[in-house]
Each structure stands twice: as structure tokens, then as C-alpha cells.
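Participant: Listed below, chain by chain, are the residues.
Number of protein chains: 2
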Amino acid sequence: MIEENKKIKNKGAGAVYTQTYTFDSLKLESGDKFGPVTLAYETYGCLNPEKTNAILIVHALSGDAHAAGVHDGKDNPGWWDDFIGPGLAFDTEKYFIICSNVLGGCKGSTGPSSVNPKTAKPYALDFPLITINDMVNAQKVLVDHLGIEKLLAVVGGSMGGQQVLSWLVNHPHSIRSAVPIATTVKHSPQQIAFNEVGRQAIMADAHWKAGNYYDGTTPSKGLAVARMIGHITYMSDKSMAEKFGRAKKENGLPFKFTADFEVEGYLRYRGDSFVKRFDANSYLYITKAMDNFDASGKKPLQETLEGNKVKVLVISFKSDWLYPAYQSKEIVKACKLAGVETTYCEIDSNYGHDAFLLEVEEESHLIKHFLKKVFYAYEVTGEYGA
Amino acid sequence: MIEENKKIKNKGAGAVYTQTYTFDSLKLESGDKFGPVTLAYETYGCLNPEKTNAILIVHALSGDAHAAGVHDGKDNPGWWDDFIGPGLAFDTEKYFIICSNVLGGCKGSTGPSSVNPKTAKPYALDFPLITINDMVNAQKVLVDHLGIEKLLAVVGGSMGGQQVLSWLVNHPHSIRSAVPIATTVKHSPQQIAFNEVGRQAIMADAHWKAGNYYDGTTPSKGLAVARMIGHITYMSDKSMAEKFGRAKKENGLPFKFTADFEVEGYLRYRGDSFVKRFDANSYLYITKAMDNFDASGKKPLQETLEGNKVKVLVISFKSDWLYPAYQSKEIVKACKLAGVETTYCEIDSNYGHDAFLLEVEEESHLIKHFLKKVFYAYEVTGEYGA
Numbered sequence: 001m002i003e004e005n006k007k008i009k010n011k012g013a014g015a016v017y018t019q020t021y022t023f024d025s026l027k028l029e030s031g032d033k034f035g036p037v038t039l040a041y042e043t044y045g046c047l048n049p050e051k052t053n054a055i056l057i058v059h060a061l062s063g064d065a066h067a068a069g070v071h072d073g074k075d076n077p078g079w080w081d082d083f084i085g086p087g088l089a090f091d092t093e094k095y096f097i098i099c100s101n102v103l104g105g106c107k108g109s110t111g112p113s114s115v116n117p118k119t120a121k122p123y124a125l126d127f128p129l130i131t132i133n134d135m136v137n138a139q140k141v142l143v144d145h146l147g148i149e150k151l152l153a154v155v156g157g158s159m160g161g162q163q164v165l166s167w168l169v170n171h172p173h174s175i176r177s178a179v180p181i182a183t184t185v186k187h188s189p190q191q192i193a194f195n196e197v198g199r200q201a202i203m204a205d206a207h208w209k210a211g212n213y214y215d216g217t218t219p220s221k222g223l224a225v226a227r228m229i230g231h232i233t234y235m236s237d238k239s240m241a242e243k244f245g246r247a248k249k250e251n252g253l254p255f256k257f258t259a260d261f262e263v264e265g266y267l268r269y270r271g272d273s274f275v276k277r278f279d280a281n282s283y284l285y286i287t288k289a290m291d292n293f294d295a296s297g298k299k300p301l302q303e304t305l306e307g308n309k310v311k312v313l314v315i316s317f318k319s320d321w322l323y324p325a326y327q328s329k330e331i332v333k334a335c336k337l338a339g340v341e342t343t344y345c346e347i348d349s350n351y352g353h354d355a356f357l358l359e360v361e362e363e364s365h366l367i368k369h370f371l372k373k374v375f376y377a378y379e380v381t382g383e384y385g386a
Numbered sequence: 001m002i003e004e005n006k007k008i009k010n011k012g013a014g015a016v017y018t019q020t021y022t023f024d025s026l027k028l029e030s031g032d033k034f035g036p037v038t039l040a041y042e043t044y045g046c047l048n049p050e051k052t053n054a055i056l057i058v059h060a061l062s063g064d065a066h067a068a069g070v071h072d073g074k075d076n077p078g079w080w081d082d083f084i085g086p087g088l089a090f091d092t093e094k095y096f097i098i099c100s101n102v103l104g105g106c107k108g109s110t111g112p113s114s115v116n117p118k119t120a121k122p123y124a125l126d127f128p129l130i131t132i133n134d135m136v137n138a139q140k141v142l143v144d145h146l147g148i149e150k151l152l153a154v155v156g157g158s159m160g161g162q163q164v165l166s167w168l169v170n171h172p173h174s175i176r177s178a179v180p181i182a183t184t185v186k187h188s189p190q191q192i193a194f195n196e197v198g199r200q201a202i203m204a205d206a207h208w209k210a211g212n213y214y215d216g217t218t219p220s221k222g223l224a225v226a227r228m229i230g231h232i233t234y235m236s237d238k239s240m241a242e243k244f245g246r247a248k249k250e251n252g253l254p255f256k257f258t259a260d261f262e263v264e265g266y267l268r269y270r271g272d273s274f275v276k277r278f279d280a281n282s283y284l285y286i287t288k289a290m291d292n293f294d295a296s297g298k299k300p301l302q303e304t305l306e307g308n309k310v311k312v313l314v315i316s317f318k319s320d321w322l323y324p325a326y327q328s329k330e331i332v333k334a335c336k337l338a339g340v341e342t343t344y345c346e347i348d349s350n351y352g353h354d355a356f357l358l359e360v361e362e363e364s365h366l367i368k369h370f371l372k373k374v375f376y377a378y379e380v381t382g383e384y385g386a
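As they're listed, the protein sequences go chains A and B.
Each residue of the first sequence is one higher than the one before, starting from 1 at the first, in this note's numbering.
Each residue of the second sequence is one higher than the one before, starting from 1 at the first, in this note's numbering.
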């Protein structure tokens, strides 16, 4: 498989495909049972016979199961393609990588756009108000199904980092290590506010119709505005200045208020392309799950983490103002106070929050060595062979 | 007048009223002539016989001519009420204060919602694409009309600060001093981006109809979203955390995605109340003017300012991330390099950009002493008596 991949591409996971796994029901955090649940997922590399080299990668708000490689006949590299492949941070020659689309998503997993078997129509707002912990509990069912008792690592940035923290807190015996990147124990009011304005933009769209738009025009204008707000928060003031400056371009558009600064054209393009691949109701449900998430639960995080044996690597980025470094330091502090073995690195980057997707070299270096150390620790302790 | 005010209120400008001044036409920066132009304005305090104590206060994006006091029978204090009145920063016992609604506005001055005399219908998008310099040139006509040859000071924050810079650069012989607060020589791509998303939200509203909504439903949902985005950028992460935390409140609203965190309710309230007092097309025109503004014109600001005799006080606020201190320092640097007499203060505040409206004590102190110094300088040089 790896040899085959190498023929297609020098780096990256090569030709990959998306699979699905469907199970009857999931007990939600709310107490309700919900099902059936389908999760779309991809895997890269091979599971070793001991089933000890499996890494779960969890995606951010707009991500999906397609983290690496390309689909047959397509030129669609995964969202973390620079990190996953032979010799890369997640070395597919050593590790078995799993990535699934979250519950509530719209890229193959069950979400508000899925057909409700009871009505034969899309769930829309009949979809339950899911949480980050629900997403993780669904992933746990998938991991169990794949026969993996204990993951070597769970890794993800942004909302992915929230899922990592949920694994760390709720399933500490099912993971050996956790890598929360550019994330937070809980959203600040500013983070909630940005998500809320995105939701308001969607719900302000006349085509939203309280979520019942699946047989007609979608609320694409509102969703595009939500995405544009997102993109501003993903970049730093500095990276925007470097990328766009105040350059203008003629665009031949009819109104006075259409894009003429390059940054306006960029946002417009990002908004327009997003609506082709994302469901507005999924945006509502997923952002709400992010806002409601609080890894510490009902007591301080350090108390929740007492006795936790998972090894933790926390990564933040200097210019990330959406998930600022102080939030990562809160995670580190709670881990340290609880006696959890924790490494922290703030990477010096201008990319803002997007850095977790773009700072390939330094981030890969940190992850690669951390994974090696965790993997090696078990070799030495004899939990499994090399 | 002052005694009368004191009866009504201990501080502030007391009972005030809005006046209008209409003139035939204004030559716009584009070269076009536009008219007639009406400016709504208010004045506080009395002009001295020498006409040397006049201060022009210029407002921000959503402001208007009503900077201080209350209107007859109403409880509607002006937007800078804590700064203008007997003994306050702008002491109405010493100075004559003028504040006018900007050209393009919707609070009494000519703007896109005004009736076009040629068609007897609102201008809507037939309104010309005005600039910050156009707003200032219209103010200059008003100041001339009031018989004031030279203003003691022009003062304003945010977009008001942009107007101050326009006065400084384009009318240096008509002002003795300039106080640009929490502002910038030119918008960064991030500042443009936030404005652009607000504009996109308005134009995404099905009721916007390319600006022709005056005889029907207004694009209030889109405008509310634009305002919510604004409000996030006006506060700091810290001030939001202090004000709201993650507190939730039950609101009895029917959908799953309506406000339940307090910060969501706050944004919603701010958005809803804004649409009652502001015109969506004005929002488009004014934000576009802000984005297009570049005080330095075609050469570096320091060259433009060579030989400029205006005294300058630049104020910024530590937690203001919308108009960060580095932008104020750029103004200071250009002034200093040009040999302009300049004082700079970065006030240590948690309020974010809103600080220019809220940091009453320290800001008042700085302004009061600066104005006194400028006023006194002319007493000593004998330009006018005390």
C-alpha cells in the first residue's frame, strides 16, 4: 500500500477512499438515544498486528474525513495532507491513521442534512442538539469497531483540539497520548460572539426558513457571510497585511459596494466556495457544540485530570488571536497541576489561527518527536514490540 | 445658558437642539459637484467675540450630531455626554463646541436615504461614493458659515479620527490643533475585511434590493448582523470576559440557535436596536469611505505634513485591537518626522476600541490640559485676549 502510494505522489498518503460505518444508536449527553448513526472515515497506513499504532486525527469546524491523499481520479488533497504520509509527521509507514467526519457534519456522517428514517425527509432542526462529547463518543464506537482498544494518540487543532480534550477527559484509558492544538478548555465570550454572528447571518437569510430549505434554494448568502467572518478570525492582522496590503483590483462588477480591495475579493471567493461544500444547518449545530463545550465539566480541569496517565503535547501559535496562547497555557497549567506529563510549545508564527494548517515544518517536528517518544516508551516497557 | 443647563443636569451640556444648514453644492473629491447638501449640527457653549474658542467634534461610524446634552423632553444623552459640559474635557464655559452629522449619514445630514430633488425619491445607490475628505469639506462649509476662520481644535475617535487627520492634512490653516483618537492613517486589510463582511451581510438581505428598499421592508436583519460584527470588534477579549463570562440565560425563544449565552443576547439586542436608528445604505457608504481613506495621499504622510503648524495630540488604548496602538504610533512617527509638535498617550484600558467613549477620566484629563495649552499659547502670543 505504501509502495503503491509512493508511485502516485512523493509525499502524502496517495490514493485514498472514504468508508462509512453505521451503528444503531448513540446515547447522547442529553440522555436521549439517537440513531442510526453513520460515520464517514478514511484510514492511511496499516494497523500493526498488536493494534498499538493507531492515531485518530480529529477535524476542525469545516473539515471532514478526508485528511490526506487524493480520491481516485481527483486532485483533492486532504486538509492535512502535508502532515500525513510516508516520513511525515504522521508517518504512514509507522502509524495507522484514522480520520472521521464528525457527528452533525455534512460530509458523509449523520447530520441535519441526513434523511431522518422516521420521516424520510432531512432532519433539519429535528436533529438533536449534539455536543463535542457526543462527537467523540461516536468516534469511540468507530474506534472500537476497528478493533482498537487503545489509540496511540488523538490529535487535532481548533474544534479538533476540543475533541482531543474530550477524549483526554472522558476516555483516558482508551488513549496513550493527546495533542490539542490551537484550542481551548472552553470558548470565551469573544469566541462565542464570532460564532453567534455567523449563526445570525445564516438565520437572517430568507432562504433559511427555520432550517427547512433542503428542497429549495439554500441560505447560501448567509452561510457565505458566516464563512467570511470565520476567515477574518483565522488570519492575523499581520498575515492579512502581508498577503493583501491595500491592493485593489478591478472586477467589472456592477455595484459600488462589491469587492475592490483584494482582501474583499478573497473573502468573497472563500464565502462562495464554502457554500458549495457545506450545509448551513451543520454550521449552526457544530458551532453551537463548540460554544457549549467545557472540558472541565462541573469541576476545575485540574481536578478532573487527577490521576490521568495520558501524555499530552499542547501546541499554540503566537499570532493566533482566535484561540490565543493564553488558552493553551490554561490547558497546560491544569495538566501540570494534575501531575499529567505535559509538553507545551508556542510556535512563533504570523499565520494566526490558520497556522495549525500551515506551519508544517515546526509543527511536524514537534508531533513527530512526541509520537516517537510515546511509541518508544511502550517499546521499552514491553507493552508491545517495535 | 450654562446656569439653565445646570438646573437640568449636574454635568453635561443640558438641553440642546439640532439645527440644519443647507448649501447649494459641494465639489466632491471625485470631481463631481453634488448638491444641495444639508448638514445637521448641534452646538454647545458660546462662541467668544474673537471667534477663537470653537472646537469641532467629529463622530464615528454610527454617531450623529447629538454629541451632548438632551433634547427637549427626552432622556437621550449625546454620544460623548461625559466629555462635553461645564468643567468637563470640552468645557462649555470656555469653549464653543460644534458637532455635525457626516455627509452620507442618516441623522439629518444628506445621505442615501435623503430625497433626491431631481427624482423626488430617495437617492439610494444614486448617492455618490463619498469620501472622508468630502465629509470634512462639507464640515468646512458649515464652519465657514458659522463665521469661524480658525478652529481651536478638531477632535474625534475612530472614523472621527480619520476626519481629524483629513482636517490636519487638507485644512492645516483652518485649525490650531488636532486630536485623532483610536484611529489610523489608513485601514489595514483586517479593518477593511470586518467592514466588508458587514456590507456583505446587508447586501445578502433579500430586502436590500440593490438599495431600493425605502418604500418597503428594510434590510434590518442584514444590518443587525453588520452591527453585531462591529460590536465584537469594539470590545476586547478581556472586557467581554469580564462583562459576560459564559453566563447563560433562559430567553423563552422558540429555536435552538437563539441567544442563550449572555453575550449572544447582548449582540442581538445591540443589532436590533441599531436597525431602528440607522440606514443600511448609509452603513454601506460610510464604511466604504472609511476603507478608502488614506490620510497620506499620494506621498508618505511625513512629507505631506512638512511645515504643518498644527499642534497634535494622539491618543490610543492598550486593548484596542480594531485600531491597535501601532497605527496611532504611525501617525505620531509621521508627525514627529515632519517636525509637527505632537504629544502621544496610550491609555491603559481593558475596554478595547470602545475605550474612546468610556475612559472618561484619563481621556478627559489629557484633552482638557492639551486644549488649555493650545488656548493659552495664543493668549501669550497675543493672538487674542483671555
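Treat the hints with care, as some may be off.
Pairs count within a copy or across copies, as identical chains cannot be separated in the list.
To be verified - With a straight-line cut-off of 30 angstroms between C-alpha atoms, the simulated DSSO-like cross-links for lysine-lysine are:
id: 1; residue 1: Lys-372; residue 2: Lys-329
id: 2; residue 1: Lys-309; residue 2: Lys-118
id: 3; residue 1: Lys-238; residue 2: Lys-336
id: 4; residue 1: Lys-329; residue 2: Lys-238
id: 5; residue 1: Lys-243; residue 2: Lys-318
id: 6; residue 1: Lys-276; residue 2: Lys-368
id: 7; residue 1: Lys-276; residue 2: Lys-256
id: 8; residue 1: Lys-27; residue 2: Lys-309
Please keep in mind that the hints were generated in silico from the structure rather than gathered at the bench.
Participant: So, for every hint listed, does it hold in this structure?
Facilitator: Evaluation of the provided hints:
1. For the identical chains of this complex, Lys-372 and Lys-329 are intra-copy neighbours only, at 24 angstroms inside a copy versus 47 angstroms across copies, given an alpha-carbon limit of 30 angstroms.
2. For the identical chains of this complex, Lys-309 and Lys-118 are neighbours neither inside a copy (43 angstroms) nor across copies (78 angstroms), given an alpha-carbon limit of 30 angstroms.
3. In the homo-oligomer, the alpha carbons of Lys-238 and Lys-336 lie at most 30 angstroms apart only across protomers (25 angstroms), although the nearest pairing inside one protomer, at 33 angstroms, exceeds that limit.
4. Taking the shortest alpha-carbon separations for Lys-329 and Lys-238, both the intra-copy value of 23 angstroms and the inter-copy value of 16 angstroms come in at or below 30 angstroms.
5. In this assembly of identical chains, Lys-243 and Lys-318 lie within 30 angstroms of each other by CA distance both inside one copy and across copies; the values are 18 angstroms within and 26 angstroms between.
6. Within a single copy, Lys-276 and Lys-368 get their C-alpha atoms no closer than 35 angstroms, and across copies no closer than 56 angstroms, so neither meets the 30 angstroms cut-off.
7. When the C-alpha separation of Lys-276 and Lys-256 is checked against a cutoff of 30 angstroms, the pair qualifies both within a copy, at 26 angstroms, and between copies, at 25 angstroms.
8. When the C-alpha separation of Lys-27 and Lys-309 is checked against a cutoff of 30 angstroms, the pair qualifies only within one copy, where the shortest distance is 26 angstroms, while the shortest distance between copies is 73 angstroms.
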